[in-house]
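Here is what each chain is made of, one letter per residue.
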Amino acid sequence: MRIVLKGRGDFEEWRDAARDLLRHGIAPQHVDWGLNQGLFEETPAMAGSIVPGRSLTVPKAFLDLAQAMICHSDPARFALAYRLLWRLQGERYLLEVPTDPDVARARRMEKSVRRDDHKMTAFVRFKEVVQDGPRRAFVAWFEPDHHIVARTAPFFQRRFTDMDWVIATPMGSCAWDGEALTCDDEPAAKPDLSDETDELWRTYFANIFNPARLKVKMMQTEMPKKYWKNLPEAELIPGLIGGAEQRVRDMADRMASETVPRFHERLQART
Amino acid sequence: MKKTLKQRLAILSDAAKYDASCASSGTSKRDSTKGGIGSTEGSGICHAYAPDGRCISLLKILMTNFCIYDCAYCINRSSSNVERARFSPEEVVWLTLEFYRRNYIEGLFLSSGIIRNSDYTMEQMVRIARDLRVKHGFNGYIHLKTIPEASAKLIEEAGLFADRLSINIELPTDAGVEKFAPQKHPKNIRRSMGELKTAIDEASEPTRTGRKKHFVPAGQSTQMIIGADAASDATVLGTSAGLYDSYRLRRVYYSAFSPIPDSSKNLPLIKPPLMREHRLYQADWLYRFYGFEIGEITAGRPGGMLDLQLDPKLAWALANRESFPVDVNRAEREMLLRVPGFGTKTVDAILVARAHRRLGLDDLGRLRVSVKKIKPFVVANGWTPVQLIDRVDLRDMFAPAPQQMELL
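From first to last, the protein sequence lines stand for chains V and B. Each step along the first sequence adds one to the number in my numbering, with nothing skipped, and position 65 is 65. Each step along the second sequence adds one to the number in my numbering, with nothing skipped, and position 247 is 247.
Where hints are given, some of them may not hold.
Restricting the straight-line Cα-Cα distance to at most 20 Å, the calculated cross-link-like pairs of lysine-lysine (PhoX-like) are [stated by the list, open to error]:
#1 345(B) - 111(V)
#2 111(V) - 127(V)
#3 213(B) - 29(B)
#4 217(V) - 271(B)
#5 6(B) - 127(V)
#6 226(V) - 190(V)
#7 153(B) - 197(B)
#8 373(B) - 345(B)
#9 226(V) - 215(V)
#10 197(B) - 187(B)
#11 345(B) - 375(B)
#12 187(B) - 215(V)
Just so you know, these hints were derived from the structure itself, not from any lab.
Excised from the complex, chain B in its bound form:
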């Protein structure tokens, strides 16, 4: 018997949850005052949160979870006995629009198992995006996961309708990809990223008419699975830095390897390393927004692994005590950004405020900074932390109390 729409929605959203991204931000500004339905206004909106703490912003589904590839880490690999289903393009369009009208979502994140071949699959996905935009005047957000080995012409067309395109790098090293995803080729994945970057760059160049071409306005992103292979944090972050620099990716997502039903025997059946994933995101942030080099973050870390107990910025500060204390009334922006407990917004506020006043700890407290946390690291009006930074127990002041290890 044919499965109902509801049954297939259950299967094809369950199959999509291993993709971490649900972002709907950073695209061009659009609304429907001149027709159609939907809008995008810069910042994304999380319409719900699941008990896994993840934001639900988009309808994140697979077009189908039938797949001719056999990637060991994937719930949809051909050798898995997971239940299979497929949506027609019309069904995906209908679900997206009806969910959107009820304000459940910002738009669609469509991915798919590979059926027949890459181009056939990609064609179907492009058709869904085109129908949403052209037939239904949909102005909401669309993220398409491009299919590896799909032709450049199809990717180009996808880019006309999608806000974001992504292709997953899957694992931090080429050797890992070859081992676990024998039909995927890291070289080709990087070539696709390179081609997309070139196309995005070309579209953003000013034209004679002054009108910019609408092409993947929210850029490209990728995802790496953490903990399925033996790659260290230093390797993971090095790969990310390379991707950010070479292909100007908007985001690299880290996905702690999570046990899947009917799992391949080649993989560890472990609790997903969520804290490790969290530390990687923090380090990624330090690289992109705080002026840290990857080498600084991982220097001296045993086995190239980040400290799970301390956030990487605090760990760096404790390992580089000679750089502190930092004078909040005089230090350059770059140095203020290195103070554990100061975010980029706090630093900007300090720079504005200190042009008018000399700042003390109470002033910093009014910026919603944790005075207790920053005290050892700063000099402020009426405050010098001479002894604190030399304390041997400084680490203990910050490290969380020991906990019993949890078994799976």
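Bound conformation, chain V alone:
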């Protein structure tokens, strides 16, 4: 049985297909999950009869897990999620065995998606755009690893409720106008944006850095290079690293000055 999905993070699309397969009693090894790559391919109607008496309840923990997995970019996600669903019908406590190979693999996918969610909340950078009317408007461009834009957008709605915004990505876009949050899964083009405040942000980034504590690997673990091209502050990084040693050496060479500021002398005189 071949199932073809659009596969852009739409949980219901997978759920409907999985529910049908389960009702028809089709075992995971007989299902071939494919992606609709723009070609006109449709899933044929399911043959065979519905297996009676099959309950379709799943633990809530599975729903949370599957909703995250379905957003992963690994083509194997649909088959793995269906295998878990199939096994859960007999092994009700399966998800409580984190050492099970299927569960462990699913958890890794989930973790990767949640990390991507988190990095989106961290690394989206809004640029202000001119707009008529009382509300200010901002646009951001972000490049996620997985199909997470729609699941992460409500965070921005809760946080930036009083401004209009658009977050565009190669995996779909979301927009908020104070009334409705709208999302699509069409690839967007990178807009050409600039914002003067970025210069103040770069000033802050350069000055909060302590050259005596260089830990480049630590920085890159948390802020991998793939994000740098869309972060206004990242262009400063090579220069800050390159100049760090000299700055520390200069500090060491420069003895404390013999003279003290005048206001210090006045303070001393007061006490």
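Since chain V is already given, all that's left is putting chain B on it; use the hints.
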């Protein structure tokens, strides 16, 4: 000529970088669906990382770096020739909101040099927090560094607007503080912490209406400078444990003493002891989350100093080999937490999983544990490490290869 906003931002963020904390987690959950701007959702967010590996979560700045105090370790001490600047309260509010709207930050961490007197300075800082909350409906995170000797009434007001308040203990011993920060008084710092703890406790008590008062929901924290004086790790950790227990601090931050421009001659001009700082954080974690007593971690360590080559949990295991191997299928949680290579999440996963299966090394590998690292310390299904734990070269198996010492 008056310095531009950008020039002053450069000075006043440079002056703020010696405060280690940038946390924005653990506060009450808020959003702006009912008005205003901003949200806090439990876990903090690091919006950037500087090449020093530190998380940038907050706009961490000083209101001013003019200061009437002369603390030897501080870049802003009155006798330093560092360039001085000052923000108006409106400028701090504007920067916070504009940075926030562009998603650069989670909120503000505001500290200040002391101008005129403690109460005047604290009043200005409270005004900034109040304007953000009341005038601009800001629901993001606010951390205020309270000014030593500021009046209790001002601290109380600050607590209504801030998520976190902190006051730095500065150095691990009272003698150190008196030597390097002659105008600060350790007794008064502890009294402030005590008063704040009492106020937080009172605010968290249920009221008749059932509504809790919003008062410093992310609690209080402090910072200690490491390596400026001669205090040992045992002393540092003992001081921390005392602070955690007496004032229920959320965090004690350790800040490796770092050379500062125009440094005082009374201080060592050294490379900051970053590895030492790292080991102290690890030991601090063992105390707070792994059931270790400070005495166990530092027992038998020469001069009360932690092993720089091995993490303190591994060092403890090697010094207490008789406690191993630990059977992953039977041992209590407390003992599993002592296995080098098991974190708290791993231990929780083991406890859940072993109710259903007997666990072998391959199962542990699927929990993303380094099997190589834990093998000598555990018994698992199909695995007993009889000889390993008795090996005399066990330390060498873990210690990093020797490196050439680096000069400054």
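Now for the hints, and whether the structure bears them out:
1. 345(B) - 111(V): Holds. Residue 345(B) to residue 111(V) sits at ~14 Å (cutoff 20 Å).
2. 111(V) - 127(V): 29 Å, violated
3. 213(B) - 29(B): 14 Å, holds
4. 217(V) - 271(B): Distance of about 18 Å is within 20 Å: holds.
5. 6(B) - 127(V): Holds, at roughly 19 Å.
6. 226(V) - 190(V): 16 Å, holds
7. 153(B) - 197(B): 14 Å, holds
8. 373(B) - 345(B): 17 Å, holds
9. 226(V) - 215(V): 18 Å, holds
10. 197(B) - 187(B): 15 Å, holds
11. 345(B) - 375(B): 18 Å, holds
12. 187(B) - 215(V): Cα-Cα ~36 Å, so violated.
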